[in-house]
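Novice: Each chain is listed here by its residues.
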Amino acid sequence: MDSKTAILYLENVNVSFDGFQALNDLSLSIRPGEMRAIIGPNGAGKTTMMDVITGKTRPDSGRVLFNDVHNLARMDETDIATLGIGRKFQKPTEFENHTVNDNILLALSAGRGVWQTLFAETSARENERIDEVLHIIRLDAVRHNASANLSHGQKQWLEIGMLLAQDPKLLLVDEPVAGMTDSETSETARLLREIAEHHSVVVVEHDMDFVRDLDVEVTVLHEGAAIAEGSLDYVSKSERVIEVYLGR
Amino acid sequence: MIGRLIRGGFDRTSWIFLTVLFGVTLGVAILNLGPEPGSTMHLSTFVVSVLGKYLTYALLAISVDLVWGYCGVLSLGHGAFFALGGYAMGMHLMREIGPRGVYGNPILPDFMVFLDWQELPWFWLGFDMFWFAALMVIVVPGVLAFIFGWFAFRSRVTGVYLSIITQALTYALMLAFFRNDMGFGGNNGLTDFKDILGFSLQSDATRVGLLIASAVALAIGFMISKAVTASKLGKVLIAVRDAEHRTRFLGYRAENYKLMIWTLSACIAGVAGALYVPQVGIINPSEFAPANSIEIVIWVAIGGRGTLAGAALGAVLVNFGKTIFTGLFPEFWLFMLGGMFVLVTLFLPKGIIGFFVNLKEKWRASRPPQSMPQEGD
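Which chain is which? The protein sequence lines are A and B, in order. If you want the working numbering, it's the position in the first sequence, counting the first as 1, plus 11. If you want the working numbering, it's the position in the second sequence, counting the first as 1, plus 373.
In case anyone wonders, no lab produced these hints; they're calculated from the structure. Built from N, CA and C at the ideal position, the CB exists for glycine as well. Among the hints, erroneous ones may be present.
Claimed, not checked - To spell it out: a stretch of chain A is covered by chain B in this simulated footprint if at least three of its residues, at any positions, have a beta carbon under 8 Å from a beta carbon of chain B; those stretches are:
1) 88 to 95
2) 107 to 114
3) 117 to 123
4) 129 to 138
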C-alpha cells in the first residue's frame, strides 16, 4: 500500500534517545476505517510510535503522513489533535477535578480558542451529544461525580468517551484494558469495535485474549521495527514472533 | 454575550462576598465621617486607610489566585506587577504636586531637581493627565506580563522553573528601580503626594473615597475573575492545571490559555498597586522585593487556593494579624507567618475556606437526605 490510500503512513521512521534506538526504520500504514492492533514485548517501541504520531516526540528521520498531505513530523500536539488524531494514554489522565460531564464537554469538538471558550455556551446539541457519549460508555449514572472518584475501569471508559466526543478521524488507544477485570475487558472490546465502525483505530495492547477478541489485523513490533503483520493466528505462527516472545 | 458571562459568575459566594465587602466598607466610611471625632462611635482615619490598604492586598491576592489556583502557574513575582501599577499612579501624583514641592519646580519632581536634571524624561510625559496614568496602570503590567508570558509559556517553562524566573523578574526590577538614573526616584521612591484629582490626600473624605474606590475595584476584580473561571475557559484552565499534556492532545493551546490568564492577572495586580499607593503615601523599590511576592502566595494558601473569595479573605486576615502583631511583638511576626503557613499546609490544605466547605459537607452528610439532590446543567 502506498501513502495515497492510507490515512496514516509511516515510512522509515527513526527515533533514538541517548543512543538507544527506540524506533528503527519503522514503516506502517493504516487504511481509512481500519482497526489495527499493535503488539510487541516491553520496549518494542509501541508508546514511542504513538508519541511520534501525536507530536510528543520528533522523529530523527523518516516521514509520518496523515491523509497523505500532512507531515506530522513537523507539527506539535495541538495541531495534530486539531487535524483529527485523538489519543488515549496508557495511564488514565482524565481531568480529576472535573465532573464526568465536564470531561466530555471539554473533549467535544468545538472551538478551541481562548475567546471562543470564554464566551462558549453549551448548546442543546452539545448536551445531547454528551448524553449520547455517556450512554455508550455507560457512565450516565455518575455524570455529576468528580472523575477522580471513578473506578479504574470507569476511568478508562471515560477516556474512550472523551475520544468519542472529540470525534477524531484516527484514534490511538494505548493499552485500554490494562488493570481491568475480565468483564470490563470484554466490555471494552465491544466498545472499541463499535467505535471502529465509524473511525480508524490503532490499539496498542499486551493482553492477547483482548486482541483475539478484537479480531483485527495485527502488527508485531520488536526493537522499534515491524517484524510481522497479518491476523493474530498468522503472526503467532511466524518463527520470528515466537522467538521474540519466547526468548531465544 | 458579556451579560451571560457575568451572570454565570454570580453564585451564592459572590453575593456573600459582595455583601460583606460593601457592608464593612460603608460601615467604616459612615463611622468615620458621621460621628464627631472624639465621640465613642467615631472610627479614626487610620482605620479607614488600613482597611483600604487591606482591600488592595485582597485584590492582589485574587490576581495571584487566578493564575495559581486556577491555572497552576505559581507566580512568585506578582509583587512586580503590583509595584508597576503603583509607580504609574505615583508618577501621576508626583506631577500633581506641581510647584508645591520643596524646590518649587512646576514641572520637575523634587528628586529630579535634586539630581540636577533639566527636563522631564520622555517616559514621564503624559503622566500629568489622570486618564493617561490610569491607562498605564493597566497597560504597563499587562504588556510586561504578556511579553514575559509569551516567551515563558511558549518555551514550556513550568513548575518551579517558572516560579524561579518570576522571582528573578521582580528582583531585576527592584535593582533597576533602586538606581537613581532610572528616573523613578531611586531608593527613596516617589512620595510627598499632595492630592489626587484635586482632592487633598490629607482629608478624611478623600481617604474614605479611596477606601470606597478600593472596595469597588475589588468587587469588579472579583466579578471578572468569577465570570472567567465559571466559563468554559475556566474549565480549560483547571484542565491545564491538572493535566496540561492532556489538554494539548485534546487540541487546546495550553500556552495561549496561560498567557491570557497571566496577562489579565497582571493587569488586576496593577490596579491594586495603583490604589495602594495614594493610601500609604509612598511607593519605593522595596515593593519589588522577592519576599513580598512570596508573602502574597502565603495569603492565598491560608485563605484557600482556587476559591477567589478565600484569597481575598486570606489577604485581609493575614495583614490584620500583621498590623496587630508587628505592633505587639515585631520580632516574632515572621515566625508567626511561617508557622501559620506550615500549619495551614499541613492541616488545612484547602485553606480557611476549604475548612468551612468541608464542615458544611460533613454536616450535610450527617443529616438523612430528604430527597435525591438533583443538579441542573
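Novice: Taking the hints in turn, state whether each one holds.
Specialist: Okay, the hints, checked on the actual structure:
| no. | hint | result |
| --- | --- | --- |
| 1 | 88 to 95 | holds (count 4) |
| 2 | 107 to 114 | holds (count 5) |
| 3 | 117 to 123 | holds (count 3) |
| 4 | 129 to 138 | holds (count 6) |
The structure is consistent with each of the numbered hints, conforming to all of them.
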